[in-house]
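First to last, the protein sequences are chains Y and L.
As numbered in the working numbering, residues 1 to 148 make up the first sequence, in order.
As numbered in the working numbering, residues 1 to 221 make up the second sequence, in order.
Simulated from the structure, these hints should not be mistaken for laboratory data.
Take the hints with a grain of salt, since some may be wrong.
[What the hints assert, rightly or not] DSS-like cross-link-like pairs, simulated, lysine-lysine; straight-line CA separation at most 30 Å:
1) K144(Y) <-> K3(L)
2) K6(L) <-> K144(Y)
3) K3(L) <-> K11(Y)
4) K129(L) <-> K183(L)
5) K6(L) <-> K11(Y)
6) K212(L) <-> K89(L)
[Said to hold, decoys possible] Quick look at which bits of chain Y chain L covers, simulated, 3 or more residues with Cβ under 8 Å:
7) 19-26
8) 33-40
9) 65-74
[What the hints assert, rightly or not] Pairwise CB distance ranges, derived in the manner of DEER restraints:
10) P50(L) <-> I67(Y): 55 to 65 Å
11) N2(Y) <-> I21(L): 43 to 53 Å
12) E118(Y) <-> P50(L): 32 to 42 Å
13) K12(Y) <-> I5(L): 41 to 51 Å
14) I21(L) <-> R69(Y): 48 to 58 Å
15) K12(Y) <-> I21(L): 31 to 41 Å
16) N216(L) <-> P43(Y): 29 to 39 Å
Every residue, glycine too, gets a C-beta built ideally from N, C-alpha and C.
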Amino acid sequence: MNIEQIETTSKKNLNDALSYVAWVIALVATVGSLFFSEIMDLPPCLLCWYQRIAMYPLVLIIGSGIITRDERMKNYALPICLIGLAISTYHNLLYYGLIPESITPCTKGISCTSRQIEWLGFITIPLMALTAFVGVSLCLIFYKPGQK
Amino acid sequence: MRKEIKILAVITVVVILAAVIGASYYRSSIQSKRKPMTTANSSLIREDSPTLGAADAPVTIVEFLDPECESCAAFAPVIKKILKEYDGKVRLVVRYMPLHPNSLTAATFTEAAGEQGKYWQAQEMLFQKQPEWGTKHGPQPTAQADVNTLFEKYAMELGLDINKMDQAFAENKYAAKLARDRKDGQSLGVTRTPTFFVNGRQLARLGEADLKSLINEELKR
Chain Y
1 MNIEQIETTS KKNLNDALSY VAWVIALVAT VGSLFFSEIM DLPPCLLCWY QRIAMYPLVL
61 IIGSGIITRD ERMKNYALPI CLIGLAISTY HNLLYYGLIP ESITPCTKGI SCTSRQIEWL
121 GFITIPLMAL TAFVGVSLCL IFYKPGQK
Chain L
1 MRKEIKILAV ITVVVILAAV IGASYYRSSI QSKRKPMTTA NSSLIREDSP TLGAADAPVT
61 IVEFLDPECE SCAAFAPVIK KILKEYDGKV RLVVRYMPLH PNSLTAATFT EAAGEQGKYW
121 QAQEMLFQKQ PEWGTKHGPQ PTAQADVNTL FEKYAMELGL DINKMDQAFA ENKYAAKLAR
181 DRKDGQSLGV TRTPTFFVNG RQLARLGEAD LKSLINEELK R
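The following block holds chain Y by itself, in its conformation from the complex (with noise of 0.2 Å):
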């Protein structure tokens, strides 16, 4: 093997690598919000359902996008994340209240601005979310399909 061939094959690898942590940060972000909701019994807010409604087909389309080793899932996968990204960004801004409440859709059920959890004093959920958006989005704009 010479030294061509160990560089285009540790590319391909660094490669594949993105889109298995892609899929494994949005499955992490579906399980966990489903522990959020489910198990612990906090009530979903209305921004947080539309970011629920971008994250969870992420597992399914990445997850068989690696499986029949098809890379066109980029394609698909990409602009779904962005527009949770969108919606992300938007809710930690009006959480920690650089836009005011007072614009906000959610009027009805829980407050997309109430505090449910705050780990560590910084850590709380909008925040996992935009993290979770975030990195599925490096690394799928790293990824590079057609890396033979």
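Model the placement of chain L on the given structure of chain Y, informed by the hints.
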């Protein structure tokens, strides 16, 4: 089997296993934290709350309910059955947690009926006829029926004094009581209906078997 499928399957199993272990750990930790409140806790039972069953019963069940809540209506026959089964041993105290658009009107109706000695009949009637007067859930709510007309009809069916009933509504006689119940419920952490407290211990999961086992535990004390 493909390598990819194996990897994904293993990770999925690990994550789900972690969630299941976390769930049982979490459940046991909150159950031990959930200290029983004394039945004398003033915000749990108020003097003027509707009560059913022997006054000296060793077990007191406090139910936070909403007359317009579908689960409360569905669970009402179970409660009646349990009261019959544990006759003399269990007492039921009703508190209100109004969460729906017509809840306050309905609660006022039952309270006013209670003044005429027909609280439980009125409650049963509202639960049974809930599809008629209650706010419909779902994507396309049907037009709201005129609640006042319906309630007047129910009052006549129950043989209640309509004038007294009208007066209670006109004066908004039970507003303070209902507001207090809601406040008490909030202070006790009631977020859903029905929520049960058995001798001050909150029922973790709604169901006949769970409620009975909590009652039995309290009877054994």
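Outcome of the hint check:
no.	hint	in the structure
1	K144(Y) <-> K3(L)	holds, 21 Å
2	K6(L) <-> K144(Y)	holds, 23 Å
3	K3(L) <-> K11(Y)	holds, 19 Å
4	K129(L) <-> K183(L)	holds, 28 Å
5	K6(L) <-> K11(Y)	holds, 22 Å
6	K212(L) <-> K89(L)	holds, 12 Å
7	19-26	holds (count 3)
8	33-40	holds (count 4)
9	65-74	holds (count 3)
10	P50(L) <-> I67(Y): 55 to 65 Å	holds, 59 Å
11	N2(Y) <-> I21(L): 43 to 53 Å	holds, 48 Å
12	E118(Y) <-> P50(L): 32 to 42 Å	holds, 39 Å
13	K12(Y) <-> I5(L): 41 to 51 Å	violated, 19 Å
14	I21(L) <-> R69(Y): 48 to 58 Å	violated, 33 Å
15	K12(Y) <-> I21(L): 31 to 41 Å	holds, 35 Å
16	N216(L) <-> P43(Y): 29 to 39 Å	holds, 31 Å
Violated hints, listed in ascending order, are 13 and 14; each of the other numbered hints is respected by the structure.
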